[in-house]
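Given next are the chains, with one letter for each unit.
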Amino acid sequence: MTVNDLRFERDDIAVINDACLTLDDGEILQIEGPNGSGKTTLLRILTTALQPNGGEILYQGQILSKCRFDYLSNILFLGHQSALKLTLTAEENLSWITSELPGSVSVLNALERVGLRGYSDIPCHSLSAGQQRRVALARLLLSNAKIWFLDEPFAALDGQGVQFVEQCMERHVNGGGAVMLTTHQPIGMESVRRYSLVDSSDGEALDA
Amino acid sequence: MPESNRGFSAYFRRDLLLAYRRRGEVASPVIFFVMVATLIPLGVTPEPDSLKEMAPGIIWVMALLATLLSAEGLFVSDYKDGSLEQLLISPNLLVMPIFGKVTAHWITTGLPLTLASPLIALMLSLPSVAYLPMMAGLALGTGCLSFLAAIGAALTVSLQKGSLLLTLIVMPLYMPVIIFGSAVVQYSIDGMAWSGPLAILGAMLTAAIALCPLAIAAVLRLTTIN
Numbered sequence: 001m002t003v004n005d006l007r008f009e010r011d012d013i014a015v016i017n018d019a020c021l022t023l024d025d026g027e028i029l030q031i032e033g034p035n036g037s038g039k040t041t042l043l044r045i046l047t048t049a050l051q052p053n054g055g056e057i058l059y060q061g062q063i064l065s066k067c068r069f070d071y072l073s074n075i076l077f078l079g080h081q082s083a084l085k086l087t088l089t090a091e092e093n094l095s096w097i098t099s100e101l102p103g104s105v106s107v108l109n110a111l112e113r114v115g116l117r118g119y120s121d122i123p124c125h126s127l128s129a130g131q132q133r134r135v136a137l138a139r140l141l142l143s144n145a146k147i148w149f150l151d152e153p154f155a156a157l158d159g160q161g162v163q164f165v166e167q168c169m170e171r172h173v174n175g176g177g178a179v180m181l182t183t184h185q186p187i188g189m190e191s192v193r194r195y196s197l198v199d200s201s202d203g204e205a206l207d208a
Numbered sequence: 001m002p003e004s005n006r007g008f009s010a011y012f013r014r015d016l017l018l019a020y021r022r023r024g025e026v027a028s029p030v031i032f033f034v035m036v037a038t039l040i041p042l043g044v045t046p047e048p049d050s051l052k053e054m055a056p057g058i059i060w061v062m063a064l065l066a067t068l069l070s071a072e073g074l075f076v077s078d079y080k081d082g083s084l085e086q087l088l089i090s091p092n093l094l095v096m097p098i099f100g101k102v103t104a105h106w107i108t109t110g111l112p113l114t115l116a117s118p119l120i121a122l123m124l125s126l127p128s129v130a131y132l133p134m135m136a137g138l139a140l141g142t143g144c145l146s147f148l149a150a151i152g153a154a155l156t157v158s159l160q161k162g163s164l165l166l167t168l169i170v171m172p173l174y175m176p177v178i179i180f181g182s183a184v185v186q187y188s189i190d191g192m193a194w195s196g197p198l199a200i201l202g203a204m205l206t207a208a209i210a211l212c213p214l215a216i217a218a219v220l221r222l223t224t225i226n
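The listed protein sequences correspond, in order, to chains A and B.
With the numbering used here, letter number 54 in the first sequence gets 54, and the count goes up by one each step, no holes.
With the numbering used here, letter number 192 in the second sequence gets 192, and the count goes up by one each step, no holes.
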């Protein structure tokens, strides 16, 4: 996918100014920038949760509005908010998200692989922040979306969890998928391309 | 694609399950409905004749307030935990999931209210001929109320304390429902044919089912862009 001259303004203040970037199959793109530089905003625009004020997004050479269904069927977005229902158990949450029947093997497998074996029937509100994050990340194992948008996937995770996410990304990329993520943590992987949001919006932010 | 093919039933069942997990909270509108109606004979008059006059109005006003009480949370928790965003970026149309959510809301508020209404009718000494029309009217009318309240809930979803605004937005829309709803009860007390206002309630519900999910979908897209 290609992004050209993407602009986004909030209350007349440019948040993202002429961002141009590409994401190819088999690629990991890390969006960098200080707090408030528009990383999450960029991901939300690319997942169509926000409308940009200008610029265009191309998916497989086509303008996004022309292939919206196709595009949205092929992306997975994990945001700051986990989209988990706290009163449901980890297993119920996952099987609902993936439309699997309760007790399905793939869901239990995924939970086991994120290190939550034996927690499957505990309501998510009794899990710790890191464990909830792991439940949310188990979606990565269950999804067959091609493009992953991960917003701060490492937040609240321990070292082992970080490693797990990195392995997931690596497998995904090797299988021809693409990942776009934001994080402040250095990633222990080669082949990560970086895109910095600082230059494009810095002057604007000072003016405001 | 496992994540794309989900509509009415996925959301309907999940919201029912969520409601079941929070039984106490969900029951509060019904308890409110019954409790307030109990206070009327104590506070106003225990005289059966005057109670009978007021009963249709009281029952409908209480039903309206009870649905308003519970409507605020319809989209708020989804908004806060991010599942609303996931719904908005899913490739499918929003209409069916919304229809499922609102139907689940009706099952957890309107339906219990309808079932609890004979209890209130008894306390307000409503003649027994009016029971059936009242319940039929409430069943259809609370459906309308749920759909209309959902529009307000969608409009106020991103606000911290939206309940007063929600009430202000939705109240005018409730008026036709309450007029024809209490007319059903009143007509049946007076021994007149009550199928007319009931049919109008049915028509309003049909219109609400057809149009409200579209409005809610559009509103949700608008209110979450910020």
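Just so you know, these hints were derived from the structure itself, not from any lab.
Predicted model only: the values in this text are computed from it and were never measured.
Among the hints, a few may not be true.
For each label pair, taking beta carbons as the anchor points, the in silico distance ranges come out as [to be verified]:
| no. | chain 1 | residue 1 | chain 2 | residue 2 | range |
| --- | --- | --- | --- | --- | --- |
| 1 | B | VAL36 | A | ASN144 | 50 to 58 Å |
| 2 | A | GLU27 | B | LEU168 | 24 to 32 Å |
| 3 | A | GLU112 | B | GLY73 | 45 to 53 Å |
| 4 | A | GLU27 | B | LEU65 | 34 to 42 Å |
| 5 | A | ASP18 | B | LEU65 | 50 to 58 Å |
| 6 | A | ASP18 | B | ARG22 | 26 to 34 Å |
| 7 | B | MET35 | A | ASN144 | 50 to 58 Å |
| 8 | A | GLN81 | B | LEU164 | 36 to 44 Å |
The C-beta atom is built at its ideal place from N, Cα and C for all residues, glycine as well.
**Request:** Kindly confirm whether 50 to 58 Å is satisfied by the beta carbon distance between MET35(B) and ASN144(A).
**Result:** Taking Cβ atoms as reference, MET35(B) and ASN144(A) lie about 51 Å apart, which means the hint holds.
**Prompt:** Are VAL36(B) and ASN144(A) spaced within 50 to 58 Å by their CB atoms?
**Reply:** Holds - the Cβ-Cβ distance for VAL36(B) and ASN144(A), about 52 Å, lies within 50 to 58 Å.
**Request:** For the range 26 to 34 Å, tell me whether the beta carbons of ASP18(A) and ARG22(B) fit it or not.
**Result:** 47 Å, violated
**Request:** Given the hint of 34 to 42 Å, check if GLU27(A) and LEU65(B) actually sit that far apart at their C-beta atoms.
**Result:** Once the Cβ atoms are compared, 56 Å apart, the range 34 to 42 Å for LEU65(B) and GLU27(A) is violated.
**Message:** Within 50 to 58 Å: is that where the Cβ-Cβ distance between ASP18(A) and LEU65(B) falls?
**Reply:** With a Cβ separation near 52 Å, ASP18(A) and LEU65(B) satisfy 50 to 58 Å, so the hint holds.
**Asked** Holds or violated: 36 to 44 Å for the Cβ distance of GLN81(A) and LEU164(B)?
**Response** 26 Å, violated
**C-beta pair GLU27(A), LEU168(B): status relative to the range 24 to 32 Å that was hinted** = 50 Å, violated
**Message:** Is 45 to 53 Å respected by the C-beta to C-beta distance linking GLU112(A) and GLY73(B)?
**Reply:** 34 Å, violated
Hint violations for this structure: numbers 2, 3, 4, 6, 8, all remaining hints satisfied.
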